[in-house]
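Novice: All chains, full assembly: derive it from the sequences and hints.
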Amino acid sequence: MTTMAHAPTHLSEAASRSKVAIWWFLASEIMLFGGLIASFVISRLGGGAQVDHSQLNVLVAAVNTFILLSSSYTMVEAFACAARGDRRGMRMFLAFTVLGGLAFLGIKAYEYTGEILHGFTPWAGTFWSFYYTMTGLHALHVAIGVIANAALCVGARLGTERPYRVEVAGLYWHFVDIVWIFLFPLVYLS
Amino acid sequence: MTMTATAPHEHHEAAGFFRTYLYSTDHKMIAKQYLLLGLIMAVVGGFLSYAMRWQLAWPDTEVPGFGFVGPETFNVLVTNHGTIMVFFVAMPILLGSFGNFLIPLMIGARDMAFPRLNALSFWLLALGSTVLCVSFFVPGGAAPAGWTGYPPLSAKAEYTGVNWGLNLWLLAHAIEFAAFLLGGVNFLTTVVTMRAPGMTMGRLPLVIWQQVAAATLFLLSVGPLIAGAVMLLMDRLVGTGFFIPERGGEPLLWQHLFWFFGHPEVYVVLLPALGAALEVYPVFSRKPVFGYRWIIWATICAGALSFIVWAHHMFVSGMDPRLAMPFSITTILISVPFALTVFAMVASLYRGSISFELPMLWGLGFLAMFTTGGLTGIFLGSAPADIYLNSTYFVVAHFHYTLISAVIFGGYAGIYYWFPKMFGRMLGTRLGQLHFWSTLVFFNLTFFPLHWIGIAGMVRRIANPLQYEMVAPHQWINVFSTLSLLGLVASQLVFFLNFFLSQFRGRPAPANPWNATTLEWTAPSPPPHGNWGASMPAVERWPYEYSAPGADRDWVGQRAPTVEALLRGEGRA
Ligand SMILES: [Cu+2]
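Protein chains in written order, with the numbering used here: chain A, 966 to 1155; chain B, 10 to 582.
These are calculated hints, taken from the structure and not from any lab test.
Quick caveat, the model's predicted, so the values are computed rather than measured.
Note that beta-carbon positions come from the ideal geometry of N, C-alpha and C, so glycine has one too.
Derived Cβ-Cβ restraints for the label pairs, each shown as a range: (1) ARG360/B x LEU1010/A: 55 to 65 Å; (2) MET210/B x VAL1006/A: 29 to 39 Å; (3) THR157/B x GLY1050/A: 52 to 62 Å; (4) GLN442/B x ILE1143/A: 52 to 62 Å; (5) GLY999/A x SER326/B: 21 to 31 Å; (6) LEU1010/A x PRO254/B: 14 to 24 Å; (7) GLY559/B x ILE1143/A: 48 to 58 Å.
Stretch-level coverage of chain B by chain A, calculated; a stretch enters the list once three of its residues show a Cβ under 8 Å from a Cβ in chain A: (8) 223 to 231; (9) 254 to 262.
Specialist: Right, dumping it as structure tokens:
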């Protein structure tokens, strides 16, 4: 079976296709997290899902926020390297991004463990139901991003031959980051 | 057909069975796969409705070919009939099949933007359909909590006695949503980035506009329901308390999330059917579509409004009654763009030289039935009338008029119209005539009387109407409706017969049997892999150039003679 008919003729064509696709995909993701966050906010305003903030580890979460934001920066650098064909630089910055993602997940797991040991399980109340579902779904997205970035890091040719792949992975990674920027104040500070 | 000889991709003929029919990335084969899957699931969904209607007409008697129904099984039938018909029949056929087949062919592309992702979408849907069918055979049986899956009934296994059936039902939805999310991204990317030279958005055929609108609505509305489904599954499996009052949860939250998606979802199904009808009218009235731009803007307005009408499904749910007024107003408002579209459709037909070929018959049937369903929607959209009518068979009649007008009448308009392009043969007309007229008659006989029994007070989801004093005297309506349904089902057997006979015995179709203007009719019937051989089309005018003054025949195609001619500006009308 030949691929003639659908092999993109130009790199720019493939790049614009991938970028249009990721934006549409992210639009639906915004609605996914939007629906979840709106449900949380509404149940909060309705008097449910209340929590005593001393039960949450705000400091650890703030450190985690910083780590995730930094990994967004290294992702930008990785794309800049890919765009000018610097394979070594791209690999290095992708590796930092992956490490940042893994650190975020590790710290989140540490937080979960502490909370569960104190009896704050997903069924300990509406707040905790929302807490675990929202941060868990976000962590799942982080894990998927880590896998994608690690794949681009290991198979570096994927990225330098087609820099738009790094750009697309980057758009996704920034999105995951932005979701956290909404979750952090809503869950830990409000 | 000789065009393929010069094509750079003729070798695919040698591809084996597996690559040609199963793991194919060709958008036309994937469209056929969606069509076949949709038709198979329609048989399943239709069989469930037969068992359900039999139970309503002759309660607690053995249903021939099915067995004893009773209240528990009735709930399973109601739930899965709805789920299958909306998610596994209407969407695969109207969006999956039509969208895949038409988008590349009508915008002048060789395939979709991501052909392998396209195949993945289809196989995910096939997996989802399988999961749903398997759910009938797990211990405890299939999901019984209604196609809307309202908690608390759906939130704990103890409430229904069904554990895995309902979990699998949720899983089947999750897979279906993933399939159509990927498919929708593919549709939109293809239309945005792969149009032929000269194919501006203002020259896009209306059916493609409608597919784009449908895919956009789906992408933007399904997120909150996925969130809701995750929460419901957490309630069932992990023990969270989102929707369970005794754990501090709020069952109404689910209804908001479900209907935020549910109303746009109606348009996801309706718009492609509307688009198919809009392609059929100009061809069989030899007249340009009236109000091309108005129809596009009406679609966009209706799509936007569809995100702020959802609570009209919840007037009696116990939500804050102050919400009823604003949602009534938005609901009445949304009928404005649709009324405009219907008027544009009528105006498109007005004083045309109409020929009543089969696609046109179905197209006209769509218009008549959809208008009927739309009119009863006005009753239900206003809160005072809805407080009386809600959850009765009046609602059942209403949404079957709107959905069947779309899925059956609009769907058949499309199938009869594009069958020659899809399969290279004409559908038989004699069986086709029988199919159309018997479907039209039996459909109305089945569903129109349900308005009356609904007004008389028969509510939905009851397994035995004879147990209710105010309904029992009207039992003849149930019997009449069920007998008519048997006729409706038999009429569809005529279609299946015609469909398969015409594959082998149908008259070979020429490239453009209907003298239509859009690009798909410039490819051979059926189009080869890559659609146009070596020379790709370019476009020089809008899609509805019929009976133009000064032209030497009554249609002028969208396709420019050559790309060079287009660039030089030749061949303009
Ligand atoms: Cu609605």
